[in-house]
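Could you build the full structure based on these sequences and the hints that come with them?
First to last, the protein sequences are chains H and E. Oh and the first sequence: position 186 is 186 in the working numbering, straight run, nothing missing. Take any residue in the second sequence, count from 1 to its spot, add 1000: that is its number in the working numbering.
It cannot be assumed that every hint is accurate.
Restricting the straight-line Cα-Cα distance to at most 25 Å, the calculated cross-link-like pairs of lysine-lysine (DSS-like) are [as the list claims (entries may be wrong)]:
(1) H/Lys-362 with E/Lys-1095
(2) H/Lys-311 with H/Lys-409
(3) E/Lys-1095 with H/Lys-143
Keep in mind that the hints were calculated from the coordinates and are not lab data.
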Amino acid sequence: MSALTESRVISARFGKPQSWTLASYRADGGYETFLSVLKTKKPDEVIAEVKASGLKGRGGAGFSTGMKWSFVPKGTTKPVYLCVNGDESEPGTFKDRQIVEMDPHQLLEGVGITCFAIGAHTAYVYLRCEFAEGLRKVGAAIKEAYAAGLFGKNIGGSGFDLDVHLHMGAGAYICGEETSLLNSIEGVRPYPRNKPPFPAVEGLFGCPTIINNVETIANIPHIMKRGAAWHAGLGHKEDPGSRLWCVSGHVNKPGVYELETGYSLQALIDGLCGGMRRGKKLKCVIPGGSSSRVLTADEVRTVTMDVPCMKRVNSSLGSAGIIVLDESVDMVDAVLNLMKFYAHESCGQCTPCREGSPWLVKILSRIAHGQGRPQDLELILDIADNMEGRTVCALADGACWPLISILTKFRHEFQAKIDAAARSGAAGAPTGVRAPAGAH
Amino acid sequence: MLPETLKSEIVELTSHYPHARAALVPALRAAQRDLGWLGKETQTEVASLLGITALEVHEVVSFYPMLYDKPVGRHVIHVCRTLSCDACGGKELWKHLESKLGVTRGGTTADGRFTLMSAECLASCGTAPVLLLDNERHENLSHAQVDKLLEAAR
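And the structure:
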């Protein structure tokens, strides 16, 4: 394969001077698509166009965006809301932050078009509070858009009204789960909600609500400008589009790279990312944010970056957070690090996740510290089996997928530590045998 | 008592939503920005501005790591501890800060200048190691650069 070069759509304006200002955005034709959609399209036509484009959500779940929009009940008498999910907290993922910092108007134009399509007159852009720069940039961009008559009443003389507000989170991964995000906005403890009812029917303040990821919405102006067929022709035909791939870990040039779907993961690492750092060997890649299943170096050589291929190797592209780890990494330490994340971020609503995730941390910690017990690996798998699929949201699943895949593919590393502990006599009392009360 | 400017900021925030309560998290972040942390009195005042009970405010404050219900130092440091940072110098950065400041996780220096916290993924994995100093992001940090940052924060 020839050397990869980026094909920039979403990131086309990144790095331009003052790229975040309205003047810069309009100089590149910004908001023309929004104003033309308001004048020339019907909402249903926009939904049909986005459906036909094949765009899938970029937040992790990868659901068809146009399909999601079409679930808003026709002729509803309640207000409809759009919530933009910018809680970006999935370990390994750092693309939405670049959009809100470097091209906030691209996002806001997408917000305008999306609201028109779904019949919303109020949108909330939800950003995690750690995005200080993004909050400043989006806040300023919203003000500029109001002042230019792009938001507010009777936009461009079309009769369409739209209010857009910035909403700030306070440091919780769970708020990126769409129903948790709704509770976070409503000012209650942000526990995920049971579905159904789905948010498109009963979401924010009990009204029909569409929640879309930042990158998803940033795609909308391009699709409406260049057409569904253009988008459907980008990259892999079953999972089309151009995506921001976030590469971190042991490569020479980590960063966000924009490529159409369908390229070789190995070529991305060797090409744009400049290969492995310090000439070390690749050990494994977590390809779609920390909640996706790990790929060994052998698997990495065979995969392309698209949903169908990732499904074939039983992993996922998720949020396109690609964590590259070299041969120096201790996989027990790596998975312990991740399980600490899930234990910290478990909201505590469901017992399997609230109790299971810290328990996993405890077991993995003792294995890492040379005190693992012979039956610990079976115990880990048993706990994971009691978490996966048994909770309101997918956080517990997201903890189990990397855990089980790492334990399966690198079991020898766990076993070696446990065997060493047995030889040295450091392993603690066998699990299941309770110490007498008061013994601690 | 909440300063008048903060009160009017919170009242303005409530106008963004059909129910005032929805302004709670942004209101608490604004209060924390001005007051440093969210004491019981502050929580009660925010509650009355939003027409909810102090308990309802506390339920939310106690959930979020970025809302502080205990006093913190004049400057708050959040070091990312999640995988990409951990694998690319984050562990060493954490040890450096602990020994330099003489505190452990969550601790505040004796002079009240710094509180050291860890954070879960700060969405800047490609520029590890990363920390927030007073909520502003600093990337690709060497220990010398961190020392400079701390010196500048009086």
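**Message:** Given the hinted pair H/Lys-362 and E/Lys-1095, is their Cα-Cα distance within 25 Å?
**Reply:** holds, 22 Å
**Prompt:** Do the alpha carbons of E/Lys-1095 and H/Lys-143 lie within 25 Å of each other, as the hint requires?
**Reply:** violated, 42 Å
**Request:** Could you grab the alpha-carbon distance between H/Lys-311 and H/Lys-409 and see if it respects the 25 Å cut-off?
**Result:** OK: H/Lys-311 and H/Lys-409 at ~17 Å, within 25 Å.
Comparing the model with each earlier hint shows a violation of hint 3 alone; every other hint is respected.
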